[in-house]
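Colleague: Go by the hints and put chain B with the ligands onto chain A.
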Amino acid sequence: MATASMLVKVPVSVDADKCIASKGCTVCVDVCPLDVLVIDINNGVALMQYDECWYCTPCEVDCPTHALTVDIPYLVK
Amino acid sequence: MSAEYAEKEVDILVVGGGTAGPMAAIRAKEANPRLNVMLIEKANVKRSGAISMGMDGLNNAVIPGHATPEQYVREITIANDGIVNQKAILAYASNSFQMIQRLDKWGVKFEKDETGEFAVKKVHHLGNYVLPMPEGHNVKKILYRLLRKNRVDVTNRYKVTRVAVGQNHRVSGVMAVDTRTAELVFIKAKSVIICTGAAGRLGLPSSGYLFGTYENPTNAGDGYAMAYHAGAELSGIECFQINPLIKDYNGPACAYVTGPLGGYTANAHGERFIECDYWSGQMMLEFFRELEGGNGPVFLKVNHLAEETISTIENILHTNERPSRGRFHEGRGTNYRQDMIEMHISEIGLCSGHSASGIWVNERAETTIPGLYAAGDVACVPHNYMLGAFVYGEIAGLEAVKYCENMSADKTDSDFMAHESERILRPLKRKSGITPYQAEYKIRRLVNDYLQPPKVTKKMELGLRRFSEIRDDLNDLWADCPHNLLRAMEVHDILDCAEMAAVSSLYRTESRWGLYHYRVDYPEKEDDWLCHVQLYKDGEGQMACKKIPIEPYIFEPDAGDVQAYERLRIVARDML
Ligand SMILES: Cc1cc2nc3c(=O)[nH]c(=O)nc-3n(C[C@H](O)[C@H](O)[C@H](O)COP(=O)(O)OP(=O)(O)OC[C@H]3O[C@@H](n4cnc5c(N)ncnc54)[C@H](O)[C@@H]3O)c2cc1C
Ligand code: SF4
Ligand code: SF4
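If you're matching them up, the sequences are chains A and B in order. Residue numbers 1 to 77, in this note's numbering, belong to the letters of the first sequence in order. Residue numbers 1001 to 1576, in this note's numbering, belong to the letters of the second sequence in order.
Same shape as in the complex, but just chain A (with noise of 0.2 Å):
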């Protein structure tokens, strides 16, 4: 069985000069219910993985430095 992936714009965006996950913050991705974020340990910022979003914002409002952002998904705007 043969597979394709499929690109999306996905509704949360990190502003990678103010995200300390470098310095070892996580607390998107802890409590994001849906487990979608993941930190990207190439350049320590955190990342939206999977467009699996119930826009409820605990990301951004738990983020210490403000540097998420939760948009409407693309599909529901």
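Source of the hints: derived by calculation from the structure; they are not laboratory data. Every value quoted in this text rests on a predicted model; they were computed, and no experiment measured them. Careful: at least some of the hints might be erroneous.
[As the list claims (entries may be wrong)] Label pairs and their computed distance ranges (CB to CB):
1. B:1149 with A:64: 18 to 28 Å
2. A:1 with B:1149: 43 to 53 Å
3. B:1405 with A:64: 41 to 51 Å
4. B:1070 with A:64: 31 to 41 Å
5. A:17 with B:1142: 49 to 59 Å
6. B:1268 with A:41: 46 to 56 Å
7. A:40 with B:1475: 27 to 37 Å
8. B:1415 with A:17: 54 to 64 Å
9. B:1562 with A:40: 38 to 48 Å
10. B:1423 with A:20: 38 to 48 Å
11. B:1459 with A:4: 31 to 41 Å
12. A:16 with B:1521: 56 to 66 Å
[What the hints assert, rightly or not] Listed next, the in silico DSS-like pairs over lysine-lysine satisfying Cα-Cα at most 30 Å (straight line):
13. B:1149 with A:23
14. B:1008 with B:1188
15. A:9 with B:1008
16. B:1247 with B:1122
17. A:23 with A:9
18. B:1458 with B:1546
19. B:1141 with A:23
20. B:1458 with B:1402
21. A:9 with B:1442
22. B:1537 with B:1402
23. B:1459 with B:1546
24. A:77 with B:1442
25. B:1431 with A:9
26. B:1247 with A:77
27. B:1121 with B:1105
28. B:1402 with B:1141
29. B:1008 with B:1149
30. B:1431 with A:18
31. B:1087 with B:1105
32. B:1547 with B:1537
33. B:1008 with B:1429
34. B:1008 with B:1411
35. B:1122 with B:1008
36. B:1525 with B:1537
Yeah, the Cβ is synthetic: ideal placement off N, Cα and C, and Gly gets one too.
Modeller: Only chain B with the ligands this time, still in chain A's reference frame:
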């Protein structure tokens, strides 16, 4: 025996750390600190479940001076079209006020008037039960503090997949999978409390976005599937949950917040067409008719209110519960001052918090399996909402403590673990196949096509055929990482819930609960069907239903009040 799983042992295992779950664990530990109580959660209890960002208010507070337990039991009996176990509703109603006082003492903020009394509002048809909590953001923080204080063993990021029943037919533990490493664990327990919330990923939202559901989409119906496979009875599954929501955004607007402030549900002409905005099946049927009729679509109207009132509404709706409502409206240029808010009906779900579908429980939160309890949206106590989840979480926690004190753990057959480990890990062992996304999308699209009311017999039969074909496809599910394995396991739950929804809807050959069970080919409500429909796994492993009688009412509903619920439509408009 397979060595693919770790083993742990506790006294009480609470599954799901949203609303009911933390309360069950806290109250169990408070009652007996020596017991080993674990709270296991698919997400992280800090921000999990329906109340992750707080709540707009209590929808069903029974507060002396505003309502009595008796009045509430009558109201819910009528709102749920007679199909209730009044003892279970009464247990909620009698404990409602002490729970509000407990939460108040813990620091949850409820609206109070100048004299410091709770500021209760009227939204229901008959009594006064709505208590706003405009500053209700902190509920989860408070629960978390108490979990820590009482030394509950909190285990995050595990999906429980099955409940085990032991050799003496008592509950004996659960199987769970770490959602980040795919490691398996069998947790032996004397008692298990299922608090896994609604089946929120059943219908497909009209946006097509799988996770743009009304319910927190972490709740995929896991608890319904777990209880079914363990052999417990479920009830009222055919009484679907369908809610009036902001179109596309798919969250509440919410009439409970705006109603007491002067907002109302209107048609395209800005006119009211229903007497009462309390969410019932009858209300949803009128909503559906207006939506589909020439006067549709339907709106929430607040643009006639004073600036001060509108700012109050914005303040609640845009900071609490579903705070991204504000940015959604902004994106579309909708301003409450000028515009009406376009509304729609939600996808179908199973949820006793809003409707009546759930695991069968009595007034002690006991399921039909000894040692297994259920509380919250997943347990059949109709219209229970958030406070019902707290009250039944408490009841389940305290009952589980009593049960454990004189009970040893039942022994699980190791076949169970071997079989379940194999089922869980199968998608990871493949190198390619059907992705969980595709399987889930297809099931949920078929749920919309064949199960969304108005219900039609032939359509539901076709739906069952399609579901059984997909069941064969589940052998080809492929997961390339632990996260997608989580989604693959949820696909199993979603398919189970879809079949349960079809089977129980076909069984009840009448119409009841307004839109929730509106069967076009059986349009009338029938006296023979004034009974519960129980769904269970029969001796051959097949899904089966049976009728059980309703226990004699403690409080007979008033005939005049029954009519009030049935005549929700405003007559003047009907005649236009
Ligand atoms: C948007 C919205 C608005 C609402 N507004 C109101 C309101 O204003 N007033 C009111 O009274 N009620 C309201 N309700 C209803 C109320 O929130 C719910 O009835 C109540 O919170 C349900 O509690 P629960 O514990 O059953 O479920 P939840 O709080 O959803 O908790 C279920 C938990 O189980 C976890 N879980 C699920 N599956 C598994 C598994 N397999 N293994 C481990 N963990 C699992 C989930 O991650 C989740 O944390 C609202 C609900 C929603 C969705
Ligand atoms: S908005 Fe909610 S679901 Fe989306 S990434 Fe943030 S926490 Fe996760
Ligand atoms: S919470 Fe904020 S700072 Fe921390 S990892 Fe996430 S985005 Fe970065």
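Colleague: Residue 1008 of chain B and residue 1429 of chain B were given as a pair; does the straight-line alpha-carbon distance stay at or below 30 Å?
Modeller: 25 Å, holds
Colleague: Is it true that residue 1562 of chain B and residue 40 of chain A lie within 38 to 48 Å of each other by Cβ?
Modeller: Check failed, 60 Å falls outside 38 to 48 Å.
Colleague: Taking 30 Å as the top limit, are the C-alpha atoms of residue 1458 of chain B and residue 1402 of chain B close enough?
Modeller: Violated, at roughly 48 Å.
Colleague: Could you see if the CB distance from residue 16 of chain A to residue 1521 of chain B stays within 56 to 66 Å?
Modeller: Given range 56 to 66 Å: holds, Cβ gap about 59 Å.
Colleague: Has the given pair, residue 1008 of chain B with residue 1188 of chain B, been kept, meaning a C-alpha gap of at most 30 Å?
Modeller: 6 Å, holds
Colleague: Residue 1141 of chain B and residue 23 of chain A were given as a pair; does the straight-line alpha-carbon distance stay at or below 30 Å?
Modeller: The hint holds at about 25 Å.
Colleague: Can you confirm whether the C-alpha distance between residue 1402 of chain B and residue 1141 of chain B stays at or below 30 Å?
Modeller: Cα-Cα ~28 Å, so holds.
Colleague: Does the Cβ-Cβ separation between residue 40 of chain A and residue 1475 of chain B fall within 27 to 37 Å?
Modeller: 34 Å, holds
Colleague: Is the Cα-Cα distance between residue 1008 of chain B and residue 1149 of chain B 30 Å or less?
Modeller: Distance of about 23 Å is within 30 Å: holds.
Colleague: May I ask you to test the hint 49 to 59 Å on the CB atoms belonging to residue 17 of chain A and residue 1142 of chain B?
Modeller: 34 Å, violated
Colleague: Please verify whether residue 9 of chain A and residue 1442 of chain B have alpha carbons no more than 30 Å apart.
Modeller: Distance ~22 Å between residue 9 of chain A and residue 1442 of chain B Cα, so the pair holds.
Colleague: Hey, residue 1121 of chain B versus residue 1105 of chain B, does the alpha-carbon distance stay inside 30 Å?
Modeller: 21 Å, holds
Going through the hint list in order, the structure does not satisfy hints 4, 5, 9, 15, 20, 30 and 35.
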